[in-house]
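There are 4 protein chains.
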Amino acid sequence: MSSIFGVCFRVTTFGESHGHGVGAVVDGCPARLPLSEADLQPQLDRRRPGQSLLTTPRQESDRVSILSGVENGLTLGTPIALLVTNRDPRPEDYGESASVPRPSHADYTYQAKYGIHASSGGGRASARETVGRVAAGAVAEKLLRDWHAVEIVAWVSAVGHVQAHGVDPGCVDRAAVERSPVRCPQGEAAAEMIKAIEEARGEGDSVGGIITCVCRNVPAGWGEPVFDKLSARLAQAMLSIPAVKGFEIGSGFAGTRLRGSVHNDAFVLKNNRLGTQSNHSGGVQGGISNGEPVLFRVAFKPPATIAREQKTVDYAGRSVVLAVKGRHDPCVVPRAVPIVETMAALVLADLALCQRRQRREDEAPPAKPV
Amino acid sequence: MSSIFGVCFRVTTFGESHGHGVGAVVDGCPARLPLSEADLQPQLDRRRPGQSLLTTPRQESDRVSILSGVENGLTLGTPIALLVTNRDPRPEDYGESASVPRPSHADYTYQAKYGIHASSGGGRASARETVGRVAAGAVAEKLLRDWHAVEIVAWVSAVGHVQAHGVDPGCVDRAAVERSPVRCPQGEAAAEMIKAIEEARGEGDSVGGIITCVCRNVPAGWGEPVFDKLSARLAQAMLSIPAVKGFEIGSGFAGTRLRGSVHNDAFVLKNNRLGTQSNHSGGVQGGISNGEPVLFRVAFKPPATIAREQKTVDYAGRSVVLAVKGRHDPCVVPRAVPIVETMAALVLADLALCQRRQRREDEAPPAKPV
Amino acid sequence: MSSIFGVCFRVTTFGESHGHGVGAVVDGCPARLPLSEADLQPQLDRRRPGQSLLTTPRQESDRVSILSGVENGLTLGTPIALLVTNRDPRPEDYGESASVPRPSHADYTYQAKYGIHASSGGGRASARETVGRVAAGAVAEKLLRDWHAVEIVAWVSAVGHVQAHGVDPGCVDRAAVERSPVRCPQGEAAAEMIKAIEEARGEGDSVGGIITCVCRNVPAGWGEPVFDKLSARLAQAMLSIPAVKGFEIGSGFAGTRLRGSVHNDAFVLKNNRLGTQSNHSGGVQGGISNGEPVLFRVAFKPPATIAREQKTVDYAGRSVVLAVKGRHDPCVVPRAVPIVETMAALVLADLALCQRRQRREDEAPPAKPV
Amino acid sequence: MSSIFGVCFRVTTFGESHGHGVGAVVDGCPARLPLSEADLQPQLDRRRPGQSLLTTPRQESDRVSILSGVENGLTLGTPIALLVTNRDPRPEDYGESASVPRPSHADYTYQAKYGIHASSGGGRASARETVGRVAAGAVAEKLLRDWHAVEIVAWVSAVGHVQAHGVDPGCVDRAAVERSPVRCPQGEAAAEMIKAIEEARGEGDSVGGIITCVCRNVPAGWGEPVFDKLSARLAQAMLSIPAVKGFEIGSGFAGTRLRGSVHNDAFVLKNNRLGTQSNHSGGVQGGISNGEPVLFRVAFKPPATIAREQKTVDYAGRSVVLAVKGRHDPCVVPRAVPIVETMAALVLADLALCQRRQRREDEAPPAKPV
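Chains as they are written, first to last, in our numbering: chain A, 1 to 370; chain B, 1 to 370; chain C, 1 to 370; chain D, 1 to 370.
Among the hints, erroneous ones may be present.
Copies of the same chain are indistinguishable here, so a pair counts whether it falls within one copy or spans any two.
The calculated DSBU-like cross-link candidates involving lysine-lysine, where the alpha carbons are at most 30 Å apart (straight line), are [stated by the list, open to error]:
id, residue 1, residue 2
1, Lys311, Lys270
2, Lys270, Lys195
3, Lys311, Lys142
4, Lys195, Lys142
5, Lys325, Lys142
6, Lys195, Lys311
7, Lys270, Lys325
8, Lys195, Lys325
9, Lys142, Lys270
10, Lys311, Lys325
Just so you know, these hints were derived from the structure itself, not from any lab.
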């Protein structure tokens, strides 16, 4: 229930931040896909904290092992179990949370839900939980790339009040994103974002941001009406990432202020197939991909864990002043870039496999519409 | 896959806009809940087009019948089948869509997905598909109200550039919302919204908008980490509504510009339980409800179907000028208000039942944290 | 939960025996399959009571309507809703069950589960519940026949102590089965079975029996290890039929007494593919079809509802003598033949669609092993 | 899909016999259940081969580790990941299977399904796959025992032609079962079974058998009509075990020969609740538990892997004589006893949690019927 995602490409994740390990089991990946740890490690490395001064100095080596489902470099069609052992836990940093629920963190709600919560750290609400997702997402990405040439690229498009303009979703790639430690491919904005993050850190504070993501070469026809629309599944996937408070696809909230005559994406002929002139739809119409780039934005709140003192109450309702010690990111969006790509990959791989049902075994590949 | 929603409270919807009927089957509703058609009809009536000059004049009577699962006014615990017969179909209005895919509509993507599409109207991409959801959602709402006193109220908070300010989510009710045909409880904004819609209609155009929704009395503890977070399921639910392009909860996109020290919701003692001073979290922390009002916003694009001529191409790629005739809403948000409430109810009822697993049969109700 | 079956080809059934109607929604049926009511009615007619002296004289017309998902004789890929209106309910026949739980019926367990039960008849435990399944199963059969040439034939192989021998699963067809009112294609056995049923009826009693079913032309490769083995899903499907107490595939219980050297099915070359010399496996090895006929047997207990007086106790524990009036089958196996075929079709259609995931979109159909 | 079981208590298993490890993730186990590796190891030890001369001498230490979901000896409500590292693989023993599909094994069907199969051993079709289930099943058993006092006991009731009579399902316990290496609590039958197994081994052959299982103290009300009947889920669970070809509950196949007047289980008053005089129903009526012991039997075919030479063909259709070397069980039923108990526990734990939905949060525990 709580930790399973997908119908045809199904991922189960597990692991607390301070237990023995975190990981995932991928059930439903087709057989004969070339796969090794080397396919998975790069995104895990990008997710890892301690990569730059902008993120927490905590050192996690995060080496992933494939425990099952792969032999001689090929998937077997059976469940692929992925494990990353935990190191460097330092549980003592979070000791106070036993009696004082940290504001805007999950301490209180986990306690309310389960009648118990992990003695140290945030349990499944911790960012470390995303390790298993990222490992599984790399499997999904391999499938999408090898079988469908799908490309997924996410980048930081806003930090606090600083926004990046002019990034071209048609050609931006991960190399361009990696050039800046803040993972914004627009140089000037990147510099200002770094400044904003440093300022927040300097003040013992944190700052939010926005990640934009594009998925190119998604063929027309992916996404299941009604409840499993591509856009709906992406929304669920993104809101499942810790600290996310918003999602918009295509024109999003700004599109609500447009007239239909402006917003509609007229069809045009592109390379012998139908495409659209504009892309206010964000590549999705009626919940189904239309062959244009799938384009969406994800809003991250400022991290709840800050060094500054906060007035709050403990579980007994007594006023306290909380000053959380330990290692904390002043801004999560740079590290969240591969997580957004991961969740997009999990959604697309699942819907790609679901779409297989529409074709007879003995039928030729579907004619392109046109 | 495509038309089933929920894990414990599971809804299957069916029906095309121009077939024999639309409806839903609710599987998992507990037994002994008082229920009759009279509980379902009001939301269906609110959803129905033709209620005011602001919406399409199409007349649909939309009387719902309970076919199963209820006897002597009580649910039996068995599947509740709900049926609304279609009337007044007029399929001829949509004839041209056979050769020309309407821009930003689902004609093209359904064709790409299925290799076929309903000869008339948009099939499952039509707004009529939502009838089944609304009927099922009314069952969910009855359960939430009777067993948990949950109140769900949605209203139009923006139409085009017009925004409503000052609506109090703590006390706004459906009666206040119903006072205006545009379903905005803030009088001056409502008047301007109506004007904006009339203008768009007068120009053969359409306009988008935003719906805000609050769910009060949701107890702390609902929502399943990791992928079935309350916020993630709400996001999926809202993006599954036709024409929705965005979702934000609590501070949402605006929250990305705040510092953590401002954004964090300090705990305070409220009526002998822990509450929060502010509600930037929108009632959800770590994906689990915290007892504060669940508050979110949903962005609707301007309807794709407009009377104005549009330059586009047909399936063969030939340039055409399209002028869609028929009955169309210049703005969907007033009618979408009960649909947003419906989807919120379906999510909450499902997560409420999922939460039952946490308690031993012979155990007393969980002590409130504090 | 309770009334949904399948993962890729998903069926939701609904309806009590004495409510407004019974039916099903099929979600996941591929588009462009030719389908009409005429494809569904024959199996419903075979399931209907009152067809011969051997079954209850109750008259149910059971005309099925397709409410959605089909247009111009082709499936749209959207949910197919199927409805059969209830007639001739006569609820008064079952009045006594309000205070006395009928032995070996579901009255007591429904009460324990739901704290309520349908005031008349057995609710979802009634044989009438199977109407929705049979309608949905006919859709599955159409898909299997049109796309894969799969043939499913079930017949009565035992009634009480009478067993049919010598029926050839390689060629028996439904016409042969229909020739006898007891649905046993072996003439002498059929005559004795009829006698056994008449005897039981004459004594106000009932008698059990066994149905054997063969599925021919199932290609090798269907069935999902581990928990969704073809054999496991068939077992679930068959045990979900009212009155079923046993399932065996291939050699079944008798195979437990064989040595491995006798039981093993040696491979041989058959029509340019690998086949097996014997078929103790019943067409399934490791949970996956091997291309040989899938062959299994289903045990039905004698119907619980009998005219003879029974000593039992009421809900209050007081001794009573129960004599159930009304219309009852002395033996359910003849009518259950199409239900067994239905459930086999639902399992096979689901696993057939699940198997699609294993092939790349642009790949040729899989080479036959050999 | 293939490796996930359960709805509310959901288990995902993974691992090939010759990969890095085997295990499971349990999602949905309630919080605050006392749990440690010591609760899991006993059933894994019983499942392990090499315990007696009757089973393969292969030595697997099979120490289980809990990777997540448990802290300070209590479950957290989050996924419980369980891992057993593989040792002593000896892949070379199975080398020939690359070119010759072993008769009645899964080599051929895995190849047909996936276009690939594990180079050594049977991959997920191997008995080693059951390690993950047994570990997960022990969690389920802990939950059932602690919260509901449910007792599950299985034993070998037949090996080849030898049958055990007179075992009392009302009181047989695991200690009695463990007294004999063949896990038959009836002494004389046990001795004959051992002889039958030794004979088969001496002849390079194998032999089948039957396991009977009883689940005591299952409260009335578990099991979901229609498709998730307790009996249907048990049937699926048992047929999902390697080598199982049959399942029967209560009177099973023998019950088909009884008259209804004999077969019906009359109600009687037992300890202030309703019980039944006989138990032909096997504790399940209408798919729902009735409070009596749940009693069923599972048929295992003779193991396919035998030392004797077998005439068969290779993948190219050429005649070969196959003589499989390596370590093989002449009879699987003694080792399968804890696996049957495991699968019963997984079904019961899942249906127990599903049943929680029927009760209001603020309601007292349901009154016992009577």
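Here is what the structure says about each hint:
no.: 1; hint: Lys311 x Lys270; result: between (59 Å within a copy, 16 Å between copies)
no.: 2; hint: Lys270 x Lys195; result: neither (42 Å within a copy, 39 Å between copies)
no.: 3; hint: Lys311 x Lys142; result: neither (47 Å within a copy, 39 Å between copies)
no.: 4; hint: Lys195 x Lys142; result: neither (35 Å within a copy, 52 Å between copies)
no.: 5; hint: Lys325 x Lys142; result: neither (39 Å within a copy, 38 Å between copies)
no.: 6; hint: Lys195 x Lys311; result: within (28 Å within a copy, 46 Å between copies)
no.: 7; hint: Lys270 x Lys325; result: between (56 Å within a copy, 28 Å between copies)
no.: 8; hint: Lys195 x Lys325; result: within (23 Å within a copy, 54 Å between copies)
no.: 9; hint: Lys142 x Lys270; result: within (27 Å within a copy, 39 Å between copies)
no.: 10; hint: Lys311 x Lys325; result: within (15 Å within a copy, 61 Å between copies)
Violated hints, in rising order: 2, 3, 4 and 5; the structure is consistent with all others.
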